[in-house]
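Fit chains B and C to the known structure of chain A by using the hints.
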Amino acid sequence: MTRSPVLELRGLSRRYGQTTVLNDIDVTIPEGSFTALLGASGCGKSTTLRIMAGLDRPSEGEVLLSGKDVSQKTTHQRNIAMVFQSYALYPHLTVFQNMALPLTMRHLSSLGRMPFVGAVAPGSSKARNLIAEKVGAAAEVLGLTDLLHRKPSSLSGGQKQRVALGRAMVRDPVLFLLDEPLSNLDARLRVKMRAELVALHRRTGRPFVYVTHDQSEAMAMADQIVVMIGGKVAQAGAPRDLYDRPASRDVATFIGHNAINLFQPADGMPGLHPAADEAVIGLRPEHLSPAATGALEANLETAEYLGSEIILALRSERGTEIRAIAPGDYAIPAPGSPVRLGFEPTRLHLFDEQTGKRLEVAS
Amino acid sequence: MRRLSITRREALTDLWLAGPATLVMVLFIFLPVAIVAVLSFTDYQFGAPSFAWIGLENYSKLFGSTLGRRAISNTLIYVAIVIPVSVGLGLAVALGLHRMMAWAPWLSQLLRTIYFLPVAATLVAMSVAWQMVLHPSLGVVNQTLAALGGTPQDWLSDRGLVLYTLAAIGIWQAVGYNMVLFLAGLVAIPPELYDAAEVDGAGHGWSRFWTVTWPMLGPTTLFVMVVTATNAFRVFETVATLTRGGPAFASDTLVYALYREGFIYFKAGYASAITMVFFAFLLILTLAQFRIVEKKVHYR
Amino acid sequence: MIRSFISRAWSTLFLVAGAAVILLPFLWMLSLAFKPRDEIFSADIQLLPSRIEWSNFVVALTETDVPLFLWNGFVVVAGILAFQILFAVPCSYALAQRRFKGRTFVFGMVLAALLVPFHVTAIPIFLGFAKVGILNSYGALILPFVPTAFGIFLFRQFFSQLPSDLFDAARVDGLSETAIVWRIAFPLAMPAATAFAIFSVTAHWNDLFWPLIATTDPHLATPPRGILYFRDEESGDDVGPLMAGAVIITAPLVLAFLLAQRKFTQGLAAGGLKG
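Protein chains in written order, with this note's numbering: chain A, 1 to 363; chain B, 364 to 663; chain C, 664 to 938.
If you're looking for bench data, these hints aren't it; they were derived computationally from the structure. Quantities reported herein were computed from a predicted structural model and do not represent experimental measurements. Check each hint, because a few of them may be wrong.
If you want the ones that stay clear, here's a sample from chain C, every Cβ over 10 Å from chain B, calculated [to be verified]:
hint: 1; residue: Arg700
hint: 2; residue: Pro730
hint: 3; residue: Phe789
hint: 4; residue: Pro881
Computed cross-link-like contacts, BS3-like style, restricted to lysine-lysine with a CA-CA straight-line distance of at most 25 Å [claimed, not checked]:
hint: 5; chain 1: A; residue 1: Lys192; chain 2: A; residue 2: Lys160
hint: 6; chain 1: A; residue 1: Lys357; chain 2: A; residue 2: Lys232
hint: 7; chain 1: B; residue 1: Lys630; chain 2: B; residue 2: Lys424
hint: 8; chain 1: A; residue 1: Lys73; chain 2: C; residue 2: Lys764
hint: 9; chain 1: A; residue 1: Lys68; chain 2: A; residue 2: Lys134
hint: 10; chain 1: A; residue 1: Lys134; chain 2: A; residue 2: Lys160
hint: 11; chain 1: A; residue 1: Lys134; chain 2: A; residue 2: Lys151
hint: 12; chain 1: B; residue 1: Lys630; chain 2: C; residue 2: Lys794
hint: 13; chain 1: A; residue 1: Lys151; chain 2: C; residue 2: Lys926
Yeah, the Cβ is synthetic: ideal placement off N, Cα and C, and Gly gets one too.
Next up, chain A with everything else stripped away, as it sits in the complex (with noise of 0.2 Å):
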């Protein structure tokens, strides 16, 4: 399945001064596609979603859209919608002026836009019409048709999202651009709005752009995930490959749930496998776990017990910490006891000890 592109970055750098806040990278986006940047704060992600958006320019490398370079053009021109995490709704217009604005901008003439005399102004009133439907409609969809004529202040956050989110849609843009959109929500309101954005993707069928600190949102909707360390692209690939096979140690650390461990050669670990003492070897604490035969021993130092599950950390013969996790049925035994654990081993990940790089060794 090929989906023709439809927002490329080539070799693309951005600096500020001396400082490099993007070096060289490349992002597609495809056609549908949901993708998310995620990266810690100051990897560059949200330069990244500036430069797509044309609210920022690249120092190198080009911008593609639908293939051709869109290095000249504005945020409108490019068609292009964005959603900030601030939501960044006008204050001094209410919910329907809010979402009906980037139209106005679109459809009216610069005489039609004024007051009173564009009231009569040539094709105005047809214009006008045709944006109250828009409006009507996009409303409907986020069930925001009560609040078209309220302030932004006295709505809710919830709420003041999905005007943001309106007023992306109105104008149906070739690509959605979402900044941490979610991350004033709490935390019971983010896992509903998650949902509703799967859902508002999949009824628009344009590609969104989702910058995102926090894994497990990334994780929950893209179908792209690109993680960014350091104003690089560590690496693009569907949630799953990262997690399977993280392409360096850093994006092994960055992506899942519980710390991955990492055992260093010196941290002399010749069970888990025979390249153990000139690779780097990752192995994450959910695919460890106490079994009467396993291949590694350690003394139990700490559990944590969170009922599913229990979480396990243990220290090697040779000081090295190790995390395990057990079910939750498992019999703790008392602190200092050795416990054994056992792996599959094509749970194993292998990184090169100087560049970091994922080795690709048959086990």
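Same frame as chain A, now just chains B and C:
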């Protein structure tokens, strides 16, 4: 039409937004300041075909002649009276009204409105009213004095008195403004400080004022003093309306002298020198004000 | 208990007496404006007129130029405010929300211009206007006040507190920078604009210095200039109408102040920054 590159267009946008304001600033502020500085070294007269460079002669005339020194000393005396009295009264009124808020808010509010009235009122019209209040025979002041057995005074035409009369009107106008600034300072004092003073046994009357209120109002007071001083230095409306600098230049001030020399006698060169001296006084004051405002910010 | 009562009594006495002094010229002005002619020229103290005499106001409004002074005042004040906002708001927006070469320099100029009182620029502006031949016109009364460093400073402070996302959103929505200034930034800056408008209107309605210099035509007189023409002409016998004229000229701002006290106090106190 060739399309301009986006950086070009952005630069033009900045020029379009910031350019006009910058241009009028240069045209009506910076250029005139430069010209007035240059003119102060010439004997230029308005309408004259040419002028000569005369160096510091205008300045030595201002500082050397009785008249010039009169204008400077009158201004300094005026400022020296208006600052302490209007700041002191403004503080006293603010303290009184602030306390009154606790037991008679409506009266406090009403009095505050009254004290602030002169700030909003047209000073020239009010000066005309003052002229009638101080009228030698028909004015209410002299009538009251006469009724009480005192000696009526020529408030605006007595050489020894006129400057003080003008200062009194200046104070009348400034008290309300200073009061508002002090009230803002008083409201900003955290009430915990008064509780702490109470616990330490300094919760009443003067000890309360000296331990909490006055130290906390320190920065505000400095600020109010400088603002009052800058306003007092510009005294013009009352002089032009009531005395025209007279009698016998007894109430001549810097700005009025500037006006008279420049726009009645058209001695542009000399008036420019007066302007520069006036400017120098105000610059020192305004720079002091900036320093204080900055300090006030750090204080918080 | 008794001590606090006495101290309250004393401070109330002091405050009320002070207020009476503040009110004195206002009351005397009103009293003379409403007094019949013979009572004005009586030597007895008489604060209240024996009967309300409206004829002074009728004379001031129909036989003198007071209505013209009011109109001139309105034109000049409105013209100054409109131009000040037209020039200052886009510049403040650019200073606060855009990054351009020379931004620091322009802002430095604004701060430097704050230090210059109007009186300093009067002579060269007068000479320039004389040369161009626009003295004695509304233009001469309005133009010198168009650059307002204080206004730029005030609006810039306000705009730099607004989140930049808001302006990015407007760019995404297709607004040009000019449209952003007038459709987004300026409506949001209404509190700052109100404070500035009060400061500007009060300052220029009450200004005497420049109208005295720039105009010699009585038909162009602003209220303060006009009341002086009036006073100098009547030479002592028309005190009633003169006072009525003073009342009429003072009334607009005083009434506005009484109706919007809080806004006025804030606006004029903000002006303290400029002095």
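Quick rundown of the hints versus the structure:
no.: 1; hint: Arg700; result: holds, 12 Å
no.: 2; hint: Pro730; result: holds, 15 Å
no.: 3; hint: Phe789; result: violated, 7 Å
no.: 4; hint: Pro881; result: holds, 15 Å
no.: 5; hint: Lys192/A x Lys160/A; result: holds, 15 Å
no.: 6; hint: Lys357/A x Lys232/A; result: holds, 14 Å
no.: 7; hint: Lys630/B x Lys424/B; result: holds, 13 Å
no.: 8; hint: Lys73/A x Lys764/C; result: holds, 22 Å
no.: 9; hint: Lys68/A x Lys134/A; result: violated, 29 Å
no.: 10; hint: Lys134/A x Lys160/A; result: holds, 19 Å
no.: 11; hint: Lys134/A x Lys151/A; result: holds, 19 Å
no.: 12; hint: Lys630/B x Lys794/C; result: holds, 16 Å
no.: 13; hint: Lys151/A x Lys926/C; result: holds, 24 Å
Checked against the numbered hints above, the structure violates hints 3, 9; every other hint is satisfied.
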